[in-house]
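Residue numbers (my numbering), protein chains in the order written: chain E, 1 to 195; chain W, 1 to 144.
Honestly, the hints are just simulated from the structure, not real lab data.
Some clues are possibly wrong.
[Claimed, not checked] Facing chain E, from chain W, some residues (calculated, C-beta under 10 Å): (1) 84; (2) 87; (3) 97; (4) 100; (5) 106; (6) 108; (7) 111; (8) 112; (9) 114; (10) 116; (11) 117; (12) 118; (13) 122; (14) 136.
[Claimed, not checked] No farther apart than 25 Å at their CA atoms in a straight line, the calculated lysine-lysine pairs in the PhoX-like style are these: (15) 91/W with 133/E; (16) 132/E with 96/E; (17) 150/E with 91/W; (18) 112/W with 133/E; (19) 83/W with 81/E.
Beta carbons are placed, not taken as given, at the ideal position from N, Cα and C, and that holds for glycine.
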Amino acid sequence: MAKWELNKFKVEKSDNVLTFETEISVIEFRKNFAVTITYNYNDKKVTVKGNVDLKQDYTLYEIITELERLLDNPLIKELAKHNRKQEYRRGFTLTKIENYPEGILANLRYIFNNKYLEFGNILIYPAFKDPKKLCEVDLEVETNTASNVKTLYDLLTIICTSSVRIFIDINRINKILNTILQILQKGVLYAQSTI
Amino acid sequence: MIGNRKMINIQCKNKFVSSFFMEINENLYIEKKMEEGHLYINGVRAKVMPDGVTYQMIEPELIRYFDEICQKFNNAEIDVDEKTFLPLFVKHDNEYILRIEFDANSTKMITKIGLDEVRHIRNIIENVFRNKIIPLLQKVNLYG
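Turn these sequences into a full structure, and let the hints guide you.
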């Protein structure tokens, strides 16, 4: 695959609609590839927008399944405990994405309604190999859930006890990105063969 | 004190406590001044106060408990939340290794060490305060 950079990775579920947005720049072609996948749980309708040739086949549904699993995360469940309102939004976003030749670093941001927990900067591509590393390296943790110091420390414990799950989620992100990159690569090969 | 948040301040030197300051309530604070091995209550040397003998008896034990907190550090400054006994910031050898910042809408923790190490430091400090320092102060009526 040509040299590429990740600009955006955002998944959100609100009003019974799952929305996924990602944007990848392929440096050699100086071109941005963006895709938005929307899955409406009411009518089971999937909409794909953008300039990535993502067909409505099993690959697309596999991506949606992985996205749903990303939102079924113990950290989001923990945020829900601190928000007594009925769920109207949950989300997972990569923020402060930094692209390096060796890999991509980003913050992981988990959202439940108006509550968030964000920490980073973590190697998200390629995925780090040892889940234990997450709590061995320096991190910045930010949240609007912890009104007192104890809650913040409790969240740290949950981050560390969930490190294997976070590792699995980062592998999910890698899987989704690799699927999209494969589609982009096929598109490039096709474009080259038709010139 | 940061805003309304009261803190306990501990200074460590070569793995031993150099000084500490602990506000117990609005009318009472205890401290050990830098390089001195004595306990002060509201700025007065404890042993010259009424009940001074009692205070003098707990002096070495109290300082030893603060030493336990300092055992992990060469030169350090530690601020501890006075309600929860959890560390709010740790500056070790002139570098912040842990800093918790509160603003109106969010709380941020910045570390130069891993979260496992942060949790380890938290356990040491919280345990020493809850199981040793506070019961000792309660024994001599210096903590409610």
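Hint check results:
| no. | hint | result |
| --- | --- | --- |
| 1 | 84 | holds, 5 Å |
| 2 | 87 | holds, 9 Å |
| 3 | 97 | holds, 8 Å |
| 4 | 100 | holds, 7 Å |
| 5 | 106 | holds, 4 Å |
| 6 | 108 | holds, 4 Å |
| 7 | 111 | holds, 5 Å |
| 8 | 112 | holds, 5 Å |
| 9 | 114 | holds, 4 Å |
| 10 | 116 | holds, 4 Å |
| 11 | 117 | holds, 8 Å |
| 12 | 118 | holds, 6 Å |
| 13 | 122 | holds, 6 Å |
| 14 | 136 | violated, 23 Å |
| 15 | 91/W with 133/E | holds, 23 Å |
| 16 | 132/E with 96/E | holds, 23 Å |
| 17 | 150/E with 91/W | holds, 20 Å |
| 18 | 112/W with 133/E | holds, 14 Å |
| 19 | 83/W with 81/E | holds, 23 Å |
In the structure shown, a violation is registered for the earlier hint numbered 14 alone.
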